[in-house]
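Position chain B relative to chain F; hints supplied.
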Amino acid sequence: MIRGVVFTHVRLGEAFCEAVESFLGPQDDLVGLSNERLNSEGMVTALREAIGEAADGAIVFTSVFGGSCWQTAERLRRENPRVRHITGVNLPMLLALVNKREQLELDALTERLSSYGRKGIQP
Amino acid sequence: MVRVDDRMIHGQVTQGWGSVLHPQRIVLVNDGAAASRWEQELYEASAPEGMNVAVLGVEEAPEDIRRWLERGEDLIVLVESPQDALRLYEAGLEFEDLNVGGVHYREGRRRILPYVCVDEEDIQAFESLRERGVRIECADVPGSERKDLFEWLGSGVSGT
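Residue numbers (this note's numbering), protein chains in the order written: chain F, 6 to 128; chain B, 430 to 589.
These are computed hints drawn from the structure, not numbers from a lab.
Certain hints may be false.
Cβ-Cβ distance ranges computed for the label pairs, FRET-style [stated by the list, open to error]:
hint, chain 1, residue 1, chain 2, residue 2, range
1, F, Glu54, B, Arg538, 43 to 53 Å
2, B, Ser573, F, Glu23, 43 to 53 Å
3, B, Glu549, F, Leu109, 50 to 60 Å
4, B, Glu523, F, Leu109, 50 to 60 Å
5, F, Asn85, B, Ala464, 19 to 29 Å
6, F, Leu109, B, Gln444, 30 to 40 Å
7, F, Glu84, B, Gln512, 22 to 32 Å
8, B, Gly479, F, Pro128, 21 to 31 Å
Coverage of chain B stretches by chain F, computed from C-beta distances (three or more under 8 Å per stretch; other residues unrestricted) [claimed, not checked]:
hint, region
9, 433 to 442
10, 470 to 476
11, 533 to 543
If you want the ones that stay clear, here's a sample from chain B, every Cβ over 10 Å from chain F, calculated [as the list claims (entries may be wrong)]:
hint, residue
12, Asn481
13, Glu509
14, Asp513
15, Ile552
16, Arg559
17, Ala568
18, Pro571
19, Trp581
Cβ coordinates follow ideal geometry from the N, Cα and C atoms, glycine included.
Excised from the complex, chain F in its bound form:
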């Protein structure tokens, strides 16, 4: 199964995952991760561990384009060809991850989630 890692600040990542589970029930392969108290190197190690083997691939979700989590995710994407990265995470995007990840392969899923996330932002 394609793994989702929500990597952001304080308890936001975990809280996103809790919110997804409150809609859809308990989920495997969806984890929240915080950058709290970690330097750049520590963030790379923590994210690498959270991604794990990711035999079917993994998508890392971050909040702030250009931020420390974003940089770390870009490093891991460069290091591991099975890793994708979307920044600007929101709840519709994560709900779609859980609902679509059995049907789509990694690149198509990444594309789909990114467009779902954008649709979730409306004036």
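Then chain B, alone, in the frame of chain F:
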């Protein structure tokens, strides 16, 4: 501002300090990043629109930084570690104040603030800067309590 931050260019700098200091340029002084085109592009992409980013090695940095300062630019100069701060000073950038914004935990370091952990080598680098007259103040974000690093360290570490 010259700042020690082992996350280098990130939200606390671009959003937090950026919104208070309105720098025209963020200067990352880091030999590793300066040696890699990919790292440079990563950091250039990480700054908000309208904010320039320069990635320089320690030895070459003072000359460029002085030129920008003479032009009247406001800068945030970032180094990754206390050791790099000292190297930058010794390379010829004689700053008066140093902001300590992030020296995170690793084995052998003890925590003095949620975002500052130090070992003997770190303390020595800070001591060397203090001996040269640099004021060293801890503040991760603009509104946080500001205090001299050596006050946080307590009195037991002087004379290293």
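Given the hint of 19 to 29 Å, check if Asn85 of chain F and Ala464 of chain B actually sit that far apart at their C-beta atoms.
holds (23 Å)
Is 22 to 32 Å a correct range for the gap between the Cβ atoms of Glu84 of chain F and Gln512 of chain B?
Given a distance of about 26 Å, which is inside 22 to 32 Å, the answer is holds.
According to the definition I'm using, a residue is off the interface if its beta carbon is farther than 10 Å from all beta carbons of the partner; does Trp581 of chain B meet that for chain F?
Holds, because the least Cβ-Cβ distance between Trp581 of chain B and chain F comes to about 16 Å, which exceeds 10 Å.
Does Ala568 of chain B clear chain F by more than 10 Å, comparing its Cβ with all Cβ atoms of that chain?
holds (17 Å)
Pairwise beta carbon distance, Glu549 of chain B to Leu109 of chain F, judged against the given window 50 to 60 Å:
holds (53 Å)
Check the following: the C-beta atoms of Gly479 of chain B and Pro128 of chain F are separated by a distance inside 21 to 31 Å.
holds (24 Å)
Could you tell me whether the CB distance from Glu54 of chain F to Arg538 of chain B stays inside 43 to 53 Å?
With a Cβ separation near 21 Å, Glu54 of chain F and Arg538 of chain B fall outside 43 to 53 Å, so the hint is violated.
Verdict on chain F covering the region 470 to 476 of chain B, criterion of 3 CB contacts below 8 Å
This one holds; 5 residues, not fewer than the three required, reach chain F with a Cβ under 8 Å.
Leu109 of chain F paired with Gln444 of chain B, Cβ distance criterion 30 to 40 Å:
holds (34 Å)
Over 10 Å from every CB of chain F: does Asn481 of chain B meet that, or does the non-interface label fail?
At roughly 14 Å from the nearest Cβ of chain F, Asn481 of chain B sits farther out than 10 Å, so the non-interface label holds.
If I take the minimum Cβ distance from Ile552 of chain B to any residue of chain F, is it greater than 10 Å?
holds (18 Å)
Interface-negative label, Pro571 of chain B against chain F, beta-carbon threshold 10 Å
holds (17 Å)
When each numbered hint is compared with the structure, violations occur for hints 1, 2 and 13.
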